[in-house]
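Student: Make a model of the complete structure from these sequences and hints.
The sequence shown begins at 1 in my numbering and counts up by one.
I should point out that these hints are in silico values taken from the structure, not numbers from a laboratory.
Among the hints, erroneous ones may be present.
[To be verified] Simulated pairs of lysine to aspartate or glutamate, EDC-like, Cα-Cα distance not exceeding 16 Å:
no., residue 1, residue 2
1, Lys35, Glu63
2, Lys64, Glu134
3, Lys56, Glu39
4, Lys24, Glu63
5, Lys122, Glu14
6, Lys35, Glu59
7, Lys24, Glu76
8, Lys62, Glu39
9, Lys122, Glu112
10, Lys24, Asp68
11, Lys24, Glu72
12, Lys64, Glu14
The structure presented is a predicted model; accordingly, all values stated were derived computationally and were not measured.
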Amino acid sequence: MENKRKRVGGKTLEIIRLNPELYKGIHLTVRYTSKFYYEIEISKEETGLHFSLVRKPFEQEKEKVFDDTLIEEWLETPQLFGARDNGEIVGYLELSHEQWNNRMRVSNIMVEEPYRGRGIGKALMEKAYQTAVEEKARMLILETQSCNDPAIAFYRACGFEIIGFDLYAYTNNDIENHEFRIEMGKPVLLGE
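Tutor: Written out as structure tokens, the structure reads:
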């Protein structure tokens, strides 16, 4: 188990490597609220197609709750890290190095609600980037949804940019539901 101690909010936080086999199939309940969503505007012109993502407010704050599973079968060589605070795991980072295109995917990042806003997510993302550098991946990538404004803002603050989207990833009504897939990425500068 690899440990790295870091001071976060006046406390010592450890980012530790967890054994993926011990956590395989563990269910996590994910919950977030969002006041904003991104709407896609598509214009077709002679010069081509133009896409714009426009941030808009929900009529009322939206709460999303869903179950997620750690270490799913589809992951390629999964790695799992935990954020440990006073002996308790309060956050998870799940990575998968996609060999075919040499990108490191953040397939899961989650911080328990009472611990959010304390720098734990940032520490986990720093670990993701460090792991990508160590494995010589060319890019760190992840998926989020157009309705998860707090996550989009967090990822952008961590240096990620929007690199693509899928308007029908979850249902045939993703656009109307304000919940289409957004792919985000951050190039990895090797030699760091």
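Student: Which earlier hints turn out false for this structure, listed by number in ascending order?
Tutor: 2, 4, 12
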